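**Student:** Protein sequences appear in the order of chains A and B.
To convert, count from 1 in the first sequence and add 3; that's this note's numbering.
To convert, count from 1 in the second sequence and add 3; that's this note's numbering.
Derived from the structure by calculation, the hints contain no laboratory data.
Keep in mind that this is a model prediction, so the values were computed, not measured.
Treat each hint with caution, since some may be false.
[Claimed, not checked] One-sided excerpt, in silico: chain A residues whose CB lies under 8 Å from chain B: (1) I6; (2) M25; (3) G28; (4) M40; (5) E59; (6) V109.
Cβ coordinates follow ideal geometry from the N, Cα and C atoms, glycine included.
Protein chains: 2
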Amino acid sequence: MKIRPLKTIEKMIPEGTEGVAMQVGIGKAEGAPRFAMRYFTVEPGGATPKHSHWWEHEVFVAGGKGEVFHGDEAHPIEKGDMVFVEPDELHQFRNTGDVPLEFICVVPHPE
Amino acid sequence: MKIRPLKTIEKMIPEGTEGVAMQVGIGKAEGAPRFAMRYFTVEPGGATPKHSHWWEHEVFVAGGKGEVFHGDEAHPIEKGDMVFVEPDELHQFRNTGDVPLEFICVVPHPE
Chain A
4 MKIRPLKTIE KMIPEGTEGV AMQVGIGKAE GAPRFAMRYF TVEPGGATPK HSHWWEHEVF
64 VAGGKGEVFH GDEAHPIEKG DMVFVEPDEL HQFRNTGDVP LEFICVVPHP E
Chain B
4 MKIRPLKTIE KMIPEGTEGV AMQVGIGKAE GAPRFAMRYF TVEPGGATPK HSHWWEHEVF
64 VAGGKGEVFH GDEAHPIEKG DMVFVEPDEL HQFRNTGDVP LEFICVVPHP E
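Here chain A stands alone, though its shape is the one from the complex (with noise of 0.2 Å):
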């Protein structure tokens, strides 16, 4: 069993990001067999990249909101929301409010 407090957990920049921290709290490296849980704070004004991949998304609203892109059409998400991104979807997640928008995203580990 591993406990691990956010504000311990190191922030990393993902590539191709504007204003986007993400913190792998839960991974292979602490012992995880199929899938990893990350944190991501994403600054007023800041998206992740709108891009697809094989994977699902898996994704929890822990604070704030913003508007996650379907291809071209733009969602309203808010805390306590939770989105499922199907493999292979475009997606894009963007902080439309004035404090950071943070969520967890669940995804499976690489193939």
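Based on these hints, arrange chain B on the given structure of chain A.
**Tutor:** Structure of chain B alone, referenced to chain A:
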């Protein structure tokens, strides 16, 4: 893509629990191919069963505080902590506070 606000997701009472509600936000019904994201609310004094199983838990504490038992050892947890429970570890979540203990718990689909 699916966006599911917590307040729209049905609450279930897991077997063997006291004061616990579970909401399956992203599961097989939503098309999740590999793992499920559930939201747990544990009332003050409530607890999940002390048990073990072949699957891991990847947990994020979204609100409140409590303890996680690793066998007979109690470890404090609070909002902002990630908890990794390895496959086959004996574990239990208990609310020791005055407000609901709320957490995300991600598990693989049954094999």
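**Student:** Now tell me, hint by hint, if it's right for this structure.
**Tutor:** Hint-by-hint comparison with the structure:
Evaluation of the I6(A) hint against chain B yields a held restraint, the C-beta minimum of about 5 Å falling below 8 Å. Annotation: interface hint on M25(A) violated; nearest CB of chain B at approximately 13 Å, more than 8 Å. Restraint check, G28(A) versus chain B: the minimum CB separation of about 4 Å is within 8 Å; hint holds. Against a cut-off of 8 Å between C-beta atoms, the interface hint on M40(A) holds, since the closest Cβ of chain B lies about 4 Å away.
Taking 8 Å as the C-beta cut-off, the interface hint given for E59(A) holds, the closest approach to chain B being about 6 Å. Proximity of V109(A) to chain B holds as hinted, the smallest CB-CB distance being about 5 Å (cut-off 8 Å).
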